[in-house]
Every structure is written in structure tokens, then in C-alpha cells.
Amino acid sequence: MPEILASVGQGFGVALQPLNLLACFIGVFIGTLVGVLPGIGPISAMSLLLPVTLSGTPEAGIIMMAGIYYGSMYGGSTTSILVNIPGEAASVVTCLDGHQMARQGRAGPALGMAALSSFIAGTLAIIALMFVAPALSRVAIAFGPAEYFSLMVLGLTLLAFLTQGAILKSLIMATAGGVIGLIGLDSITAQPRLTFDRLELFDGIGLVPLVMGLFGVAEVLTNIERRLSRDVIAARIGSLLPTRDDWRASAAPIGRGTVLGFLLGILPGGGAVIASFAAYALERRFSRDPGRFGRGAIEGVAAPEAANNAAAGGAFIPLMTLGIPPNVVMALLLGAFVVHGLQPGPLMMTQNAGLFWGIVASMYVGNVMLLVLNLPLIGMWVQLLRLPYNLLFPLILLFSIVGVYASQNNVFDIYVMIGFGLFGYLCRKFGYEPAPMVLGFVLGPMLENNLRKALILSQGELSGFLTRPISAACLLLAAALLVSATLPTLRRKRDAIALEEGG
Amino acid sequence: MVSRRAVLAAWILGAACPGATAVAAQDYPTKPITLIVPWTAGGSTDITMRAMAEVAAKHLGQPIVIDNRAGGGGTVGPATMAATAKPDGYTLSQIPVTVFRLPLMQKTSWDAQKDFTYIIHLTGYTFGIIAKGDGPFKTFGDMIAFAKANPGKVTYGTPGAGTSLHIGMETIAARQGVKFTHVPFKGNAETNAAVLGGHTMVAADSSGWKPLVQAGQLRLLAVWTADRLKDFPDVPTLRDLGMPYVFDSPFGIAGPKGMDPKIVAKIHDAFKKALDDPGVQATLTKYDMVVNYKNSADYAKAIDENIAAERQIIEQLGLARASN
Amino acid sequence: MRINAQAVAAAFWLSLAAFLIVAGRDLGIGSASEPGSGFLVFWGGVLIALFAAGMAVESVRGAPESLASLWKGARADRVLIVSAALAAYAVSLTTLGFLLATPPLMLVLLRVVDPVPWRQAVPIALGATLVVWWVLARLLAIQLPAGPLG
Numbered sequence: 001m002p003e004i005l006a007s008v009g010q011g012f013g014v015a016l017q018p019l020n021l022l023a024c025f026i027g028v029f030i031g032t033l034v035g036v037l038p039g040i041g042p043i044s045a046m047s048l049l050l051p052v053t054l055s056g057t058p059e060a061g062i063i064m065m066a067g068i069y070y071g072s073m074y075g076g077s078t079t080s081i082l083v084n085i086p087g088e089a090a091s092v093v094t095c096l097d098g099h100q101m102a103r104q105g106r107a108g109p110a111l112g113m114a115a116l117s118s119f120i121a122g123t124l125a126i127i128a129l130m131f132v133a134p135a136l137s138r139v140a141i142a143f144g145p146a147e148y149f150s151l152m153v154l155g156l157t158l159l160a161f162l163t164q165g166a167i168l169k170s171l172i173m174a175t176a177g178g179v180i181g182l183i184g185l186d187s188i189t190a191q192p193r194l195t196f197d198r199l200e201l202f203d204g205i206g207l208v209p210l211v212m213g214l215f216g217v218a219e220v221l222t223n224i225e226r227r228l229s230r231d232v233i234a235a236r237i238g239s240l241l242p243t244r245d246d247w248r249a250s251a252a253p254i255g256r257g258t259v260l261g262f263l264l265g266i267l268p269g270g271g272a273v274i275a276s277f278a279a280y281a282l283e284r285r286f287s288r289d290p291g292r293f294g295r296g297a298i299e300g301v302a303a304p305e306a307a308n309n310a311a312a313g314g315a316f317i318p319l320m321t322l323g324i325p326p327n328v329v330m331a332l333l334l335g336a337f338v339v340h341g342l343q344p345g346p347l348m349m350t351q352n353a354g355l356f357w358g359i360v361a362s363m364y365v366g367n368v369m370l371l372v373l374n375l376p377l378i379g380m381w382v383q384l385l386r387l388p389y390n391l392l393f394p395l396i397l398l399f400s401i402v403g404v405y406a407s408q409n410n411v412f413d414i415y416v417m418i419g420f421g422l423f424g425y426l427c428r429k430f431g432y433e434p435a436p437m438v439l440g441f442v443l444g445p446m447l448e449n450n451l452r453k454a455l456i457l458s459q460g461e462l463s464g465f466l467t468r469p470i471s472a473a474c475l476l477l478a479a480a481l482l483v484s485a486t487l488p489t490l491r492r493k494r495d496a497i498a499l500e501e502g503g
Numbered sequence: 001m002v003s004r005r006a007v008l009a010a011w012i013l014g015a016a017c018p019g020a021t022a023v024a025a026q027d028y029p030t031k032p033i034t035l036i037v038p039w040t041a042g043g044s045t046d047i048t049m050r051a052m053a054e055v056a057a058k059h060l061g062q063p064i065v066i067d068n069r070a071g072g073g074g075t076v077g078p079a080t081m082a083a084t085a086k087p088d089g090y091t092l093s094q095i096p097v098t099v100f101r102l103p104l105m106q107k108t109s110w111d112a113q114k115d116f117t118y119i120i121h122l123t124g125y126t127f128g129i130i131a132k133g134d135g136p137f138k139t140f141g142d143m144i145a146f147a148k149a150n151p152g153k154v155t156y157g158t159p160g161a162g163t164s165l166h167i168g169m170e171t172i173a174a175r176q177g178v179k180f181t182h183v184p185f186k187g188n189a190e191t192n193a194a195v196l197g198g199h200t201m202v203a204a205d206s207s208g209w210k211p212l213v214q215a216g217q218l219r220l221l222a223v224w225t226a227d228r229l230k231d232f233p234d235v236p237t238l239r240d241l242g243m244p245y246v247f248d249s250p251f252g253i254a255g256p257k258g259m260d261p262k263i264v265a266k267i268h269d270a271f272k273k274a275l276d277d278p279g280v281q282a283t284l285t286k287y288d289m290v291v292n293y294k295n296s297a298d299y300a301k302a303i304d305e306n307i308a309a310e311r312q313i314i315e316q317l318g319l320a321r322a323s324n
Numbered sequence: 001m002r003i004n005a006q007a008v009a010a011a012f013w014l015s016l017a018a019f020l021i022v023a024g025r026d027l028g029i030g031s032a033s034e035p036g037s038g039f040l041v042f043w044g045g046v047l048i049a050l051f052a053a054g055m056a057v058e059s060v061r062g063a064p065e066s067l068a069s070l071w072k073g074a075r076a077d078r079v080l081i082v083s084a085a086l087a088a089y090a091v092s093l094t095t096l097g098f099l100l101a102t103p104p105l106m107l108v109l110l111r112v113v114d115p116v117p118w119r120q121a122v123p124i125a126l127g128a129t130l131v132v133w134w135v136l137a138r139l140l141a142i143q144l145p146a147g148p149l150g
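Protein chains in written order, with UniProt numbering: chain A, 1 to 503; chain B, 1 to 324; chain C, 1 to 150.
These are calculated hints, taken from the structure and not from any lab test.
Among these hints, one or two may not hold up.
[Said to hold, decoys possible] Here are some, though not all, of the chain B residues that point toward chain A, as calculated from beta-carbon distances under 7 Å:
hint: 1; residue: 34
hint: 2; residue: 103
hint: 3; residue: 160
hint: 4; residue: 184
Predicted, not measured: the structure shown is a model, and the values here were computed from it.
Cβ atoms here follow ideal geometry from the backbone N, Cα and C, with glycine treated the same way.
In isolation and in its complexed conformation, chain A is listed as follows:
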């Protein structure tokens, strides 16, 4: 313990050097910016700024890159809440209740809670990162294909708790999402699937254009077909900060969201998207009044935002301790280390202790900066809602298009977004929710790929899923959740909600 504290002190010594403070600020500032701009995620910003960091010291460069990453997780919720467009994929669930809150004139508390829960979860995750990083690196590698498959099954059972009312519609959307996720080259056999001989489809449909279409464009199309003069969002804007009641409702969800997000963030390929869905589903499952969800429940903002920020912290563990980046963003960060001639891995904590702890300490500093940066902005964002919609919607569409284009430099993605925009518009017309489709899209291909890998490894033995302990535990939990979802008492409860919904 004393050694850790000494290391932390050393780390702050590095993080508080003026140059590194400046790098940290630039990083979180750009991160907030790209997080707020829909579609432009941390990936494009980091990859383009990577060469810029070359000129400085390794510490400054990596602190800046890391700042962009967790800064964008922070900013991603803003457009979700204000205009129902997820700034990045991990904020999809934040739309569900966040935007409803904004419609009820509670955009301020929603944004405030998103920022504060992000701050709390981010900080807790860094503390956890310091103390348990080496121990948890084993978790990341304990997950083989069989374990992943079972985890994905568990993830899909969350659907039952994610949606309200028509479960059949959610199931169909999730299945369709899963199939859309399969478009592209089959990674097992390299066979093109459902590509219609279009080269652009060989790499599959991108998550960004799908989400931006289903949420952003569809939302705009739904709004403009009604009279526009009416303000879409209630003009009255209450307090800007969460109330005491909001805090009471959110405290426990933030805690649960943090733990869940941190653990899922460690797993390669898992990450922030699943964490935010899972946290939301968990809160809805344990809520005394699940009917409030989807209609502006503050827990529905607090839990997923905590989860996706904690996941951002957890994702550093496999990178720093094993040199294994669990997602694309971390792969870019790995690139940043390599540019500076450093190799993250088992030896880094001992060979480059100053750098390691300096980066961790800079994340504390960055989180405080983010809070200071974001809280005053809330007032400004809320003012944005006063813009008449006929001025606002062209700007929303412009940002969406540019964001989608910029994430891959690919015009084809714009067509994909328009297509999913029209599809999402029809879905709203016919009463289908888009969120399950996103969950299916993310989980479906992973489920398939891991199922097939697991069966290659076990030579076709299906029993492997039950004999491996982690896998068996996931499957049991999934079964328990499904049974509890269909138990008569809960059933009645949900039917009552559905009735209310329909009536």
C-alpha cells in the first residue's frame, strides 16, 4: 500500500507539470468537442491528432490522447439528451430517458446528472485502475470464445428489460439488427455475406451511420412532418442542476453502473456500448417502478453514463498491463505509445513507472477539468433548445452528415445513414423502438463469431459451454433472468405498463 501511494505521488508530480497540464486540457477539450459533435467519435479525432503529439514529450502526447478518449465519453451524452442523437454509440441508451427529460423541460438536470455521474464513475474507475489493474488483467485473458458466447447470450437477455410494451417488436428489431451486423466478410471463412457484390459492404455496415440514421435522421424526419412552429421541447426550463430527489434516485444506480461498466470495460471487445445497455437494463429490472423508465427517469441517465465512463477506465487495464488494446480507441492509444518508442505491456509498470503513474494521475486531473468545463456549458446547451426547430433541424442534419462522413471518409456511409434514417422513421410510425436493433447489431456478430470459434476449439462439443465455469455462470444467470422476466407476477406488472402505454 505505501508503495502505491508513493507511486501515485510520483504520478501527480508528472501530471501537474505545466506542459502536461496543458496537454491534458487540450485533450479533454477536444474530447468534449468531438463527443458533442454527433458521429465524430474519439477514433477520428485521435487518429488525426496522433502525428501532432509526436513533437512533444511522450508523457504530454499520451496524456493528450487519453484525454480525448475519456473527454469524448463525457461529451457524448449532450446531443443524446438535447436532440435525441447519440454523440457516440455508447450514448444510445442515454437517449431513452435523457431526451424525455429534455422534453419535459428538465434538460438541465439531465445534462447535470450525466456530467456528475460521469465524473464520479470516471474517478472511481481510476482509483480501481490503480489498485486492481494487475489482478484484473487475468480476467481479460480468462475470457475465451466460449465465455464470450455465453456473455453475449446474457447480453441479449437484457432485451427483456430494455423495452416497454410490445416485446415481440423488440425481439424482431434485435434479430434484424443482429443480421445487419453479419453483413460483410465472414471472419471465419472470408466469404462475403449479404453484400450484394458491393465492395463497400465487405467491411460491414458501420455502427456510426446506423446509429446516426436510426436516431438522428429518423428523429428529424418524424418531427418535420408535423407543424414546425411549435417548439419541440417545452419552452420552460427548470433548474439546471439535479435536485436532492434526483440524487437520492441516482446514487445507487451510479454505483452499480460504475462497477458494471468497469468490469465490462476490461474485456476485449466488450466495452462501453454493452456496459451502458446493461446498466440501463439492470436499473429497470431492479426499479420499484419500472414504468418510469423511457419517460424521463433520471436513473436512466445516471446509470448508463456512469457505466460508459467507468468502462473507459476499465479499458486501460488490458492495454497498460498486457499491451492488449480491448477496442479500437485503445489500439490507437497503443499506436501513440509506439510512436514514442514505448511498449505498453507487463514490463511498463516497472520500466516506465513515472510515465504509467503520470498518465493515471493525469486522468484524475482531466476528470476535474471535464467537470469544470462541462457544468457551465449546461446553461448554454439548454439555451440551444430555444432555437426554433426550422433553424435547428438543418443544423442537426448537417452535423450528422458531416460526422458520419468524417468517421470513415466514405460517402457510402452517408447513404447508409439516410437509408436507416428512413427505416427508423417508419419504425417510429409503426411503433418500433430502435434501441434493441443497436443492441442486436453490436451483440449479434460477436455471438456468432464466438460460437463458431468455440465450436472449432471444442471440435463441435456443445458441452463446453456448460463445463467452463465462467461460461456456465453467464448462461445460468441468463436463464434466471429470463425466468424472472416471465414469472406471472412480473408479467402482470409489465402488462399493466404496456396497457398504460397503449392507452
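Following the hints, complete the assembly by docking chains B and C onto the known chain A.
This is chains B and C only, laid out in the frame that chain A set:
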């Protein structure tokens, strides 16, 4: 970097004097050159290409603008160039091996042997076979011996089916007369985790394993480069092990078909100088890339040989497209 | 004629399911212990078909909404105009470049749906284009299609 006014002026000038091709070859280049890099910006391929383009631009006297067009495993960029660009030397593309391999596996819009003017072959990646540090395989020979005794029991991870790593491992297996079981992962990071966690026995991947090998958690059994690595001088190459192979998924630069040989020579010379530049060499080393130079004629010849060799192994693997 | 909205939706899903089942079979389903490329495509199709059949039953039993009622009081023409404008923008983006293609799109969006006065629309269209271009191309160094303006 590129002055926009200069670009505009060059564009207007270019439009004002059409059709003067003989003069164009003499004076080439008179305007900025676009180099398509079919990968997203910031990756190792992108960064090394940018480093080379910067030096080559100095020798050509005109800026080289990098255009990142990702997609189709790095084939969308070259395919777009083949379909739309004029062979005037102002549109070039980086050519990854997928350009030759994909047409063997499925219907594509281009013919790798006809639709490009190959200019210069530049570099390749560092690939190697890794096993668990405390596992039973101490050497490449251990792995082969085990595979001989237990056909199909050696499982290996790669970043995906049809990658150079998959095809390389199968080529090795065929040569050694053994059978491995292929487990395709998505991307590089997962293969290291799979070996560490004991999910696959070995993996073939690019140099992401370096820190884990240095820490002793993974063991490097063999590398696929032409020469041994500076960091691991004890690890044999495939050639050391008696197999005449170098697999490094090499890439070069090409333009659309029908380019003027004089222009080709100018571009070749500029990139050759870039390849010899110490700054570029340092960047390549950082990303564990190895120089794999071939001039225009050798490049074109190597492609024919490459396609013939890969066709055979792809057919063996059952990855070949149905003949239609 | 009253067309049942949910029946239309069910028909859409059923045709999608039929496509997936055929496509999955062509790709190769394999077996439970050795799934092929088409395994999940096929079973996804089957699942969608089952769910859609369930919905078809529901649509007959419940009080059906008519297709027309979904668009009652709605201006579907605006949806079509905006989608077409976006598609036209996507087509022209590479040739015209960002700076030339964007102002016309913005003007269409600002004027056609719910007209903003010209003296507001023009500055907004130009201003938004320039600000977005500056933030992306200059601040974040993201490549946007240059077009003839280079």
C-alpha cells in the same frame, strides 16, 4: 502544408492547357499528387505511408496529398482509382496484398494483373508465430512434432480468415505435412489474449506480441521476415527452418493502367529515395516494418508469381470463389 | 379501403425473413456443432418469420390501426423532400466538395420545409458551412472532400 492558393492556381493552369501529354511527362509533376491510402488515418500503414510521401514530395517538387479511403480490406481505394482516375500520374494508390487476393476469392471489379501500372514495391510487416511463455512449445520444432503426433490438435489464432497470416500458416502446414486448426479472431489484439489465456495453442500475428515476448509471457517460435529481428536474434526465420518463404504482406504503389513510363520512372525514383531516407527508416523500425524494395519491372513480375502461388493455397483451403 | 398497418409491417418482416432464409441456405447453414456462414442468417430469418407470424395474428385480433391513420395530419412530402435533398448532397459531395455542396443543401432545408426568411437563411447557410468546415478541417484536421476549390 499545402497552400490552397497554389493548389487552385495549379488546378486552373492544368485545366487551361489540355492534351499536352508529351510535355506533361517532361514537366511532371506540375500540380499536387493524390496518393490514396486505403486505410483509416492514424494506423501504422497510414503513418509510414505519410512519412514516405513527405520525403518523396520533396524530391518531386510537388506536394503529395494523402487521401484516406478505407474499406473492403484495403481494396476500395485502389478499385476506385482503377475505375475512375486518369493515368496521368496525379492519382496513385497504395496497393495492399488484398488487391491480388480478393479477386481469387470473390467477384471483384478489377483485374490485378491488367488494371494497374505498378511503380514501386516498398515495405512489409513483421509477422511471427507465438506460443505461451510457460507452455509446452519451446521451439518451432516442438510445435511441428506435436502436430505430427496429434493431427489437427494444434490450434492457431489469426486476425481473420484469408489474411496473410492464415495463408502463411496453411502454407507452412502443407510444407511440413501436418494439419493445424485455424481459429480466426477479429483483429490483432485478440490473438495475443487467446494465447495468453490458453484458448489457442499458438497464434500468428504482426508484431503486437513484442512486449509480451520480452516479458516472457509469450514465446516467439519463428518469424516470417527475410532476416532475423534485431530484438530477437535467437528466433529463427522460416528460411532458417528450411522453408523458402518470406510472408510479410508487402505493399507498394501503383497508378491506373497505361501510365507513361517516364512518369513512372520519376515517381519510382522519388519513392526509392524516400525509402533510403534515415527518417523514414526510423519510422519503419518503430512500427516493425521491413523494407522490401522492388523496382517497377520486378514488382509487376512478382505479382504474377504471387497470384499463382496464392491461387493454389486458396483453392486448397476452399476459399476460392466459385468459377462463374 | 382500410389497410391494416400492423399487417403491412408483418408482411414486410415476412418477406425479409424469406430473403434471409434463402440467403442463409445459399451461404451454407452447417450444423449445430459446426455452424456455417449462413447459420445465423438462416436462423435469424426463421426467428423473424416466427415473430412476424405472431404479429400477424395480433394484428387480426386487436383493434387494428389503419395504414392511413399513421400519416393522418402528417406532411409526408416534407420527409421525402428532405431525404431526397440529403441523397442529392451525398451524390454531389465528392465532385463539388464540401464548401460548394453544403450551402445549397442548407438553403433547401431552411427554405423548403418551413421557410425561414431569406435574410436569415442565407447567412445561416453560409455561416454554418464555414464554421463546420473550420472546426473539422482546421481544428480537428479531418479531411473533407475538397472539390474544385481544392
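Hint check:
Evaluation of the residue 34 (chain B) hint against chain A yields a violated restraint, the C-beta minimum of about 13 Å exceeding 7 Å. Evaluation of the residue 103 (chain B) hint against chain A yields a violated restraint, the C-beta minimum of about 11 Å exceeding 7 Å. Among the interface hints, the one on residue 160 (chain B) holds; its C-beta lies about 5 Å from the nearest C-beta in chain A, closer than the 7 Å criterion. Against a cut-off of 7 Å between C-beta atoms, the interface hint on residue 184 (chain B) holds, since the closest Cβ of chain A lies about 5 Å away.
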